[in-house]
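If you follow the hints, you should be able to join the two separate chains into one complex; please do so.
As you go down the protein sequences, you meet chains U and R in turn. Counting along the first sequence from 1, when you hit position 64 you're at 64 in the numbering used here, and nothing is skipped either side. Counting along the second sequence from 1, when you hit position 242 you're at 1242 in the numbering used here, and nothing is skipped either side.
No lab work stands behind these hints: they were computed from the structure. A hint or two may mislead.
In silico DSBU-like pairs for lysine-lysine, Cα to Cα no more than 35 Å straight-line [claimed, not checked]: (1) R/1179 x R/1191; (2) U/230 x U/90; (3) U/200 x U/230; (4) U/230 x R/1179; (5) R/1182 x U/90; (6) R/1191 x U/230; (7) R/1179 x U/90; (8) R/1182 x U/230; (9) R/1182 x U/200; (10) U/90 x U/200.
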Amino acid sequence: MSKEPADGNALLTGRFDRGSASGRGPAVSLERLVKRYGDIVAVDSLDLEIRSGECFGLLGPNGAGKTTTIEILIGLQEPTAGHVVVLGRKWGEDDRSLRSRIGVSLQETRFPERLTVAEVVTLFGSFYPRGRDVLSVLREAGLAEKADVWTSRLSGGQRQRLALACALVGNPELLILDEPTTGLDPQARLQFGDSILSHKDRGGTIVVSTHYMEEAQRLCDRVAIIDRGKAIAVGSPGELVASLDAHLVVEVELAAGDVEDGALRRVAGVSSVRRENGLLLVSVREAHVTVPALLDLFRTRSLSLAHLTLRQATLEDVYVALTGRRYSDG
Amino acid sequence: MASPLRQLVLARLRESLRHPETIFWTFVFPILLAVALGIAFRGERIDPVRAVVVDAPGAEEIARGLRADSTVRVEVLSRAEADRLLRTGRTAILVLPGDPLLYRYDPTRPDSRLARERVDRALQAAAGRTDPLRASDSLVTEPGARYIDFLVPGLLGMNLMGGGLWGIGWVIVEDRIRKLLKLQLATPMRKRDFLLAHVLARLLFVPLEVVPLLFLSWLAFGVSSSGSLLSLAAVATGGALSFAGLGTLLASRARTTATISGLINLATFPMIVVSGVFFSVSRFPGFLQPLFRALPLSALVDGLRGVMTDGAQLATLWPQFLVMGLWGTLCFVAALWLFRWT
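Pulled out of the complex, with its shape left as it was, chain R reads as follows (with noise of 0.2 Å):
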């Protein structure tokens, strides 16, 4: 009779490659998500910033100042129609003619304050100032420091806490509903294999995650890691054990699939937004940053992007090595203690 060990990691490896959402979550979302987000962040021009002058004395000749800027967009409308188009965030700025001029804006918005500087420089130079100093732009789309390049190690990142997650907390809880759980407890399976099972399907698991996304993102981007594949496999590994870990914890007590559910988004959520996926950890506040970094994604995406992008040997990653270690061995040993196998 085969060996249990190897029986449970087939079953598990069956189980998910039958189930549709299964390759689509994997496979399929993550291309979709970098292709539109590559395309929404393309970098490849400036985009003009949206201003509206309201329509009083003196109106048309701001305007006219406005549109010799090219990355100004610029109308000009009655003060009714522009509060409610800077209300509702269709325009960056307001521009009241008078003496002052008079900006009117949210500066909690980026988009508000760079539009801010466009004007005023562009009716500054209209009204005849000058730079004392020549300057010219030269734009990079150089491949490595794009917005996409940024992305890719992050959404990889997302796809392996997704996997581990769901893949292991979903399908034990899942388990347990069905009293499979229960029904193998009576059986002689040693329960370090069922668990053990469930770790090695989801390595099994990660050449599948990460393959497609960073083939498909080297084909529509160029997208390409400047470190060793060999060490972005180790990194990608070491994510994956981690988010096992974290899995089978937050399955060791559930039984409905709602509790899973909601206990995953719980941990995911957060995640996505504050470790870097998206965005640079370093746009929040000092005396957050090591409390984010110290999270599992956090650790898993600065190392993929320390391979991808810096070209990091592994030795100078091993903070975050540490990081994923410790998330990943904590959480199963908290898990073996408070599993519920009935």
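Chain U extracted, bound-state conformation (with noise of 0.2 Å):
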């Protein structure tokens, strides 16, 4: 059933033969990729150029243009212009060798309802000519006691995990999923992201698309953040946060009353203020100074506070900065 060498533990700890993570080429570039659909422009000269051996986020709202994207590098739609090469390769020159070296999921697929997980698993499997054993797939993928269930019989995250499942079955160097957790609880969403690490932990590269920010934060070393076709920001989570002109929040939030927001803008520190969902978020340079001083403007205009937090910003915060408009993840 499976041309894996006996040692289960080549497996988890094995590299690709391709030579080291670090030495190897980029895994995708694309440059100045666009595609249109009669006037819409769904990807508006897109450049990005993913590591190998990273976990990538394609991060945006929906309809950023994240799909078409991810349906471009899978070789499943053609660009209207631009060039895309993955894993050192061009789509239209051996198609079938490319797609034996990635694994995919894509949004809403359904399995066929009455096959068992294992055995949707190996007929994925049985597609690659470097098929991994699907009990250590399915393992992986946090599904082995779900084996011999049929698909039908899944909770909407274990079909996330199944694709996932099948993603993986065929010892692929990247990784490409799109919207791998829309539609999971936190939790879920929590535990579905340390499975995708381990297949960066064997060396492989991950693009994962995600409307989802904390979640990108969480498991990527870089992201791409998406808007309207284009790549507006590209760098680590640490990096694009760093990259704003005041790093932290402070979310407040009155027990009555309001101030407006050119009195909060005229705070010592404060770089910018936004109103969300009943909460005033003012953007800070230092706490330190501005914190007292927010404090001291409440309390001479008898204002008194329901909450206050301080925290890092995050690319939620980022989004909004380059776009001035409010990230909705809905």
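Rendered as structure tokens:
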């Protein structure tokens, strides 16, 4: 059934034949990628370089062009213009051999209802020349106990894990996951993230799209924030947050009354103010200066606080700072 | 790792056999249909025709004359009631007393035309006509010549058609809706293997679609094949391949299950009517017959009937194989060209 070495550990610790992770060229490079559907521009001159061995996040709201980019990456769509190089190859040269090096999960795929989890993964494994042992893949995806269960009996999270298992079973160098955690609760997203990362631990490269900012921040070595078909920022989550003028955020909820944004902006060290869900979000540079000053302002206005939190700025704050628009991940 | 083709075929078989509706449509439904039709047309006695004599002077005498004939069931009713029964098809003919007698019936109804002959014969006999020629009936209910013997090959053909179109067409469209086709396209899977797996899975289903129906019609009605079972298997396989091609073609573009079921019904219903499943194609006007005989279901049913009733040798069935082969090949080629994976 399997061509893998008998030693199961070799599987878990083994690296890919093509040299060490650091010595390889980029896993993916996109140059001035454009995709138009009639008048609609889905991808607008996108440049990206994804390094071998990293977990790279395509981050952005729904409709930003992430799925189109991924479908071009995996050769399911032709770009209108631009260059795509994946694992050193172009689509249209030897697609089958390129596909055998890539594992893919797409959004909203539903598997045949009356096949068991192990049967589906075995089927997908059979397509690949160097398929992995099904049980070890199921263990990695956290589905070992569901091996003999019909896919129709799986929960939403388990289905996403099955999609991941199908992407992993071909022993790919490059794992491409389109919104693998959409619709999962935060707990399930957390567990799912850990399963993905085991692929990186084996030296593989991951490209994952998500509209959950906190997930990208937690999982990805580097992210590209995609907005309206363009990459508006690329870098590690830390770098992107650090690039903000102010990388701390004070979240304030007033018990009663209100204060105008202008007054807040005039407080020393405040870089910007925005409002979300009844919260005042005040971006600040130095907490020790600005937080006491803010409290003074509220005191002089006789405003009482329901809640005040100081937190690190997140990728969401980066998105808002760059686009001037609120981020909605719905 | 096992071969992709084998895994794809296995997946198809598992999916089908684990769906109770497959079992119903493949095995139970054709058998129920055969039983129902076999009982309805068992043909062991001559069914009486219904005639109504309109109540008027002389009606009773006419009725008495008709009652003497066991093949006519007669009632005397008022004109209004009689008209109503004729209009609603519950009597085949009205007899209006008078001179001359008047037969009132719908000439497009075969049973009415039959009733007119029987009623007239009975009344002429009652009035004293004697037949110059003596004749008696010998009723044939020998296996091989009954309606059920005609019907079983038709049902087999219909079953193979349904299996091919629904079994391939519906499943491919479902996979497209589930985005499973798209996902498989992103793997190194060969498209050829995918389509071939559907065809092979269909071939493995042929014995399941043919054997139980054949066995039960033998058990219940004594239907048997005068030709060899091997020839029968060859014709059935030809039909299955032909409809596998048509099923793939119908599914090549459809993006919703409503579209594919519409297309399949559009393809199957006319064929069930004109391809000789329930009655012979020779009932249609001569100029239409070559057209209808060029349909894949006609070729399949003709072939099956040729083997089962006439004991035909395969070589003599080449026109049927040609028709099935052309349909299968052309549809498959067109399907490959049109096929929408995403």
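Results for each hint:
| no. | hint | in the structure |
| --- | --- | --- |
| 1 | R/1179 x R/1191 | 15 Å, holds |
| 2 | U/230 x U/90 | 22 Å, holds |
| 3 | U/200 x U/230 | 26 Å, holds |
| 4 | U/230 x R/1179 | 27 Å, holds |
| 5 | R/1182 x U/90 | 20 Å, holds |
| 6 | R/1191 x U/230 | 34 Å, holds |
| 7 | R/1179 x U/90 | 24 Å, holds |
| 8 | R/1182 x U/230 | 25 Å, holds |
| 9 | R/1182 x U/200 | 25 Å, holds |
| 10 | U/90 x U/200 | 23 Å, holds |
Consistency with the previously given hints is maintained throughout, with no hint failing.
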